[in-house]
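Student: Chain by chain, the residues:
Number of protein chains: 2
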Amino acid sequence: MDKEKPKVVIVGAGFAGLECAKALRNKSVEVTVIDRQNHHLFQPLLYQVATAGLSPANIAAPIRRVLRGAPNVRVVLDEVTGVDTVGRVVTSKGGTYSYDYLMIATGAVTSYFGHDAWEKDAPGLKSLVDATSIRARILTAFEEAETSDDPDACLTFVIVGGGATGVEIAGAIAELARKALKSDFRRAHPENAKIILLEGGERLLSSFPPKLSAACKRSLEKLGVEVRLNTYVGGIDADGVDTEQGRICTRTVVWAAGVRSTAVASWLGVQGDRQGRVSVEPDLTVPGHPEVFVCGDCAVVIGEDGKPLPGVCQPAMQEGVFVAREILERIAAPTERRPPRFVYKDKGNMATIGRKMAVCQIGRFQFSGALAWLLWVTIHIWYLIGFRNRVLTLVEWAWAYVTFERGARLIVKD
Amino acid sequence: MDKEKPKVVIVGAGFAGLECAKALRNKSVEVTVIDRQNHHLFQPLLYQVATAGLSPANIAAPIRRVLRGAPNVRVVLDEVTGVDTVGRVVTSKGGTYSYDYLMIATGAVTSYFGHDAWEKDAPGLKSLVDATSIRARILTAFEEAETSDDPDACLTFVIVGGGATGVEIAGAIAELARKALKSDFRRAHPENAKIILLEGGERLLSSFPPKLSAACKRSLEKLGVEVRLNTYVGGIDADGVDTEQGRICTRTVVWAAGVRSTAVASWLGVQGDRQGRVSVEPDLTVPGHPEVFVCGDCAVVIGEDGKPLPGVCQPAMQEGVFVAREILERIAAPTERRPPRFVYKDKGNMATIGRKMAVCQIGRFQFSGALAWLLWVTIHIWYLIGFRNRVLTLVEWAWAYVTFERGARLIVKD
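For the protein sequence lines, the chains are A and B, in the order given. Here numbering that gives the first Met the number 0 is used: the first residue of the first sequence is 0, the next is one more, and so on. Here numbering that gives the first Met the number 0 is used: the first residue of the second sequence is 0, the next is one more, and so on.
Incorrect hints may appear among the rest.
Because identical chains cannot be distinguished in the list, a pair is counted as satisfied if it fits within a single copy or across any two copies.
[Unchecked claim] Distance condition first, Cα-Cα at most 25 Å in a straight line; then the derived SDA-like pairs of lysine to any residue:
no., residue 1, residue 2
1, 119, 411
2, 119, 132
3, 125, 135
4, 6, 149
5, 178, 384
6, 125, 411
7, 6, 143
8, 221, 151
9, 210, 343
10, 125, 136
Since the hints were made in silico from the structure, they are not lab data.
Throw the hints in and build the complete structure from the sequences for me.
Tutor: As structure tokens, this is what we get:
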């Protein structure tokens, strides 16, 4: 690598980091991408791994494979521990990385709003380990029902949080129980499983228009999911969930109620917001540090409407591309100029509930049902990284569609 | 279920147990299949998971899914702890199971010949957890090479044991390094990785004819694997392997040198052989207990040539079918008769080394190379359980064949 090229360090190869690195491929910069994992994770389909629909490898792509064709991009598997913004050095477990431009996009982790003790009994869904562990819990509940004296008691599933992830998990568990597992047990009755979705607010999918929230609720109820709105969780233990309306006995709880940022604010020595996110300037830089960009779920980026952009892929991807362009422009024309403003182009919003059921908002258009589902499938296959993963996921889904089965019903135990 | 039907308990849903259960489907017996795992594992392809070629779900099938169509077969996820051969009861963590006929086929585990301390640094390959953990170790070695000051030191892989598993792992690591990972690193040179296969005996694949052992060695060497015969391992630690011929510095060792039986002999209160296997009568029953059958890798079954049958799928599958038939015959004609003798029909033996390279023995025919490989692929796809797994594995392999890539390059860490 040329020693004189400006050094760009990208921390985190999620949607923002990967898009940024891709946009810097074969440009006149020396890029280092640092991630704790060797793979980019397609998080929108993580719930499919948690509900035995897809395998981990279907929704993960080796980062260095994705960035293979670019000699100016180096990928390292390492864990960042801090940033020296004065000396412009990223410190990590494996060493140090000096930078001229730094882009941090390490995403979010599950948040229990101060109730970290709930994690043990109500795992969140943010990583592949989370997903395979939730998958094992769900499938083990059915296995236990088969040998238990009280089969039905084992078959109550509670999902906390009625955002897209909660809705998708609830719908997928319902389909798993009512279709895929239906004929496989002799004593247990998977088709009678109780699936309860708890939401603190007054509607599901609060980031969608109310009409679609209502459509989503109807679809879930049609699948046999019990939706309880305005229900706050007060306690979770190994045998149940406490709400203001009473206790629900269950051994299987999935937490989809909240996230907080990774430790970026403390690395940078700035004050994070309530979720630990870093407030950035309109050009996505950290105040006082025009060479440090923060993107994705660990940044608060204010949209056109004055509200923070949602923590989903689209803003992250657009932010990543914006940062890459901004870095290249600054290098090309290093004289003083007015920093540009990141403008988010909202292409729409969608969530899937189950077979031929999804809700979809594109601009002023709102629709639900089979068409929305088909669009959801198409877009998710399209954005999956790697032709191989697209083909395999398509085969898995086509197979599941025809047979009502689930392809990855694995409990992997040590 | 009809209370008066004879009760058959099958412990272990490997090749023997599953074939036995399948042969008892919809017969006039009440069958309970007990396994610690929820899935049947297609062990011959486990090395593909360990070397990032396939996903766990590709080579595993939910046991209850396979046995779905049989109301007389019940599958339970449970862990057997002992057998009361007098009271005819199997005891387990989850309860007790009484039987009229018992079939035990719980297979083998990795054996370190008394050096259990080696396990930590030289994992064996018997389960999916083993496979994904070995996969993570191998891939992590390449990642560490990229950040290490001495990249090449990280890239020495030692495989202990030159049987089929050792040969297959060595070949697959060589292909991974020389092909799939070749262009993905900036500092490390995966193509220079040293892959060393250690074998204590004087040839690889000792169960094959010498001609094929020689062909296998040549093929491995062509792939850049260093084969060291007559080499015994005297010690293994985190930084290397000691042999009589000197020390090999390596951080990645895979143990493929030995197995021993699961605890069947102690459950039954009989004396096992050196590998802990139970010696059975010609009809596969335990001496003195004509109602207890032991099959597969936990039994010593003497073949026509007076030698024990090898611990591979084929004898296990045939034994499973034999036991099912024998149980049904005894029920149909319960009068005294001379017990039949299990006769193994050897359909051949094959091992794969890499792309277009395998060795194959069918009766008197011995051949190696592309034809043997094509036969290996065909047979393994054919025997994989579930149409879905066949299709997906075929897609993975076709993709790998065309692109030289590996589809499951995942390091999943907690």
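Student: Against the structure shown, which of the earlier numbered hints fail to hold, in ascending order?
Tutor: As far as the earlier hints go, not one is violated by this structure.
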